Amino acid sequence: MKQILKRLGLLAATLLLVTVLAFVAFSILPGDPTNSILGLNATPEQTAALRERLGLDLPLWQRYLNWLGGLLTGQLGQSYLYEMPVSQLLGSRVAVTATLTAMSFGLIVAISLPLGILAARHAGGWIDRVVSVLGQVTMSIPNFLLGFLLTCLFSLILRWFTVGSFSAAAEQGLGAYLGYLFFPALSIALPRAAMTVKLLRGAILGEMGQDYIRTAYSRGNSKGRVLWRFALRNAMIPVITFLAMTVADVVAGSLVVEQVFAVQGIGQMLVSSINSRDYPVVQAIVALIAVVVVASNFAADALYRVMDPRLRQR
Amino acid sequence: MPKKFKRALLLLVAAAVLPASLYGCTGGTEPSPTPTATAQSGEPSYGGSVTVGIAQELDSLDPHRAVSAGVGEVLFNVFEGLVKASSDGEVREAVASDYQISEDGLTYTFTLREGVTFHNGDPVTVEDVVYSLERCAGSENDGTALITAFSNVTQVRAVDERHVELTLAQPSLEFLYALTAAIIPAGSGDTIAQTPVGTGPFQFVSYAPQDSLVIQRYEGYWGQRPYLDEVRFRIITNSDTLVMSLQSGALDMAIHVPTTQITQLEGQFQVVEDTMKLVQALYLNNDVAPFDDVRVRQALCYAIDVGQIIEFVGDGAGVPVGTSMYPAFEKYHMEELAEAYPTDQELARQLLAEAGYPDGFTMEITVPSNYTQHVQTAELIAEQLSQVGITANLVPVDWSTWVNQVYEGRQFQSTVCGVAASDMTAREMVIRYVSDYEDNFINFQDDGYDQAVAQAGSTLDEQEQEQLYKQALTILSEQAASVWLQDLCDLTVLEPGLDGLELYRTYVLDMSTIYYSA
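Protein sequence lines, in the order shown, are assigned to chains V and E. So for the first sequence, this note's numbering puts the first residue at 258; every next one is plus one. So for the second sequence, this note's numbering puts the first residue at 514; every next one is plus one.
Fair warning: there could be bad hints in the mix.
[Unchecked claim] Chain V side only, calculated, beta carbon under 10 Å to chain E, not exhaustive:
#  : residue
1  : V281
2  : S284
3  : G288
4  : E302
5  : C409
6  : Q516
7  : Q521
8  : S533
9  : I546
10 : A547
[Said to hold, decoys possible] From the structure, some residues in chain V lie toward chain E, with a derived Cβ separation under 7 Å:
#  : residue
11 : T304
12 : L307
13 : Q335
14 : Y339
15 : V513
16 : R534
Hints in this document: simulated from the structure, not taken from any laboratory. From a predicted model like this one, the values you see are computed outputs, not experimental measurements. Beta carbons: idealized from backbone N, C-alpha and C, even for Gly.
Model the full assembly from the supplied sequences, consistent with the hints where possible.
See below:
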């Protein structure tokens, strides 16, 4: 219990730190939101009036506290540029990015666990070699490039989906919506899945050389049983750590890949809000991403404790 | 007095406006854009909907407040002024059916057209017109004009049920262009950005920021009935995705398509070539050494090979400008100025030596990094300058930083960017270099220039005005106020069967003339 409270405290502190850093970073950056709202020829009086209206004339710490206060009461503020509540602006987009992230993560797990186990089981065999070569290739392609390649193949040649028609697909129902998102999810998942396969294979093979495995064999267990009951359990620990770190990577990947597939998620919004210095939107997205990343690390930690009894005693 | 609308547009257009990677174009070198209908194959047919890919986000749908030219381009279909732009570069009557300008050029009297209605069905009344014009002049903005030209307006009043009279402080030959400003329902200022209601051929249906804007044919339109039932503007900022979306069939048409990708589309699509209507230049801060010396500025002009830049950055399809005017303003375009500084490295070295820099110097070129064509131009310039002993270092900055430091702060040595006119007036392209003008970001100072521009602004004789502007433009060349480069190439892509596109000399995408040929 004490452990958990300590962890939660750490989590809150991390989040605070991230949002403070984001605030400070943007105050150091040159550029001003009034430029994107008023354009280039605004008079100093107009600019001053707008700064006052937006609360930009307040000192940095006060702006931060106001923002934080709003956050705690569920108010994300108002977008400077679009003049609508940030929550309204982000609402549907968060759902899109969350779906995309979840699908990508699901694909990573669905692809890498069976392949990793298969490759380890047949280490040195032809399956292992094919998986390893394919993995090397996929790993070395950045996800945005993979996105373009997949689009060319599935949209322009095979015509399985129509790139650029995401919002139309979204109107057609859940099937079309998920069908469109499958392709960006695949381009986010593949490189990371390849890494996971490699890691899992290595971890299983590492465990298979241990003394306790020899003992298990000598007690008459079959190879399959040894692998599933004994080796895999221990091999999963580094894999889970890796998967937890992958969450951050998947989120970052979706921000990039969304633009390649013209998916209206938070990626596009983040980039354009940074360019127009639309701070409330940027802050909300940064905070959201921080929550996801910190929470996934927290979850990984908790999972260790479940999987490895030794950690529980500490 | 300030401005709002223009402010934006005017701007370095490239600025808030066009897709980041507009380059030049492939294909022929048409010296000036020809405003004619481009492709004519079949008979026009009514009906159908078109999805148009646009690369820039829309900042505000309030026609009087929108900052970027990209918004005006799209809203042209929804809103109309007393007059509206036509493809020949002139203005035509729209909400007004007739107008009279008094002898002294100070009083404009407009007769409202019969039967013009807003998209909500209400007829346009003199109250609506007075309200709209007063709003442009700043009635809802603490008296600061929302559209710069309206700072010249002293009074707007309804004469009777059909006539509106507008009084100016100073006569201006160009004020009529400002009256393309949208007429909106009286009192709708607070809601117009959320629910745009105008009198144009299309009416607003829906808008999702950074996603799409949908408009449909307005059945009650007073003028020529548009062909299409519905137009969807889809915002796709990534230029590769924009092109793939055309290929996949998600888009029927796209504007400002980068040249780099155009080869992939040729054959399958119609590609219409135009210029971007801006002046790309190596803008020099005339206040900062060594550019405070005219000999150094001229040396740069001789050292930089504009032809090579056009060839390299636009596949030869840009148009050299030679001064702060682009070819779409045919009246003021002076081709001879584009040849004022033939590339001559010897002469450049000699001028540098005279100015006290026999061994050259080191300079900085600040470039907005989101505009590929400006970055590439700057790289090429750096290479060319190295031939005469000048070391040019590129400083890439993001757009917001550029605006803050270069355009407003004037903290720069030199920069490559594009400058455009927000309205349809050539004045906008020259007034900015008047010594004390607030947007004279290059700190150009010349008494003769100031005088010529001031006189041109107040004369009522069109020929005299033309002469004065040309005189001013020649001074910009002689004084080498900056190294004037080119008007970049601009491409529109349409799927086969989609015809009727008309090119304008200003930022307008007129969807009302577009049709599917039967």
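So, going through the hints one by one against the coordinates:
no., hint, in the structure
1, V281, "violated, 17 Å"
2, S284, "violated, 13 Å"
3, G288, "holds, 3 Å"
4, E302, "holds, 7 Å"
5, C409, "holds, 7 Å"
6, Q516, "holds, 5 Å"
7, Q521, "holds, 5 Å"
8, S533, "holds, 7 Å"
9, I546, "violated, 18 Å"
10, A547, "violated, 23 Å"
11, T304, "violated, 9 Å"
12, L307, "violated, 11 Å"
13, Q335, "violated, 13 Å"
14, Y339, "holds, 5 Å"
15, V513, "violated, 10 Å"
16, R534, "holds, 5 Å"
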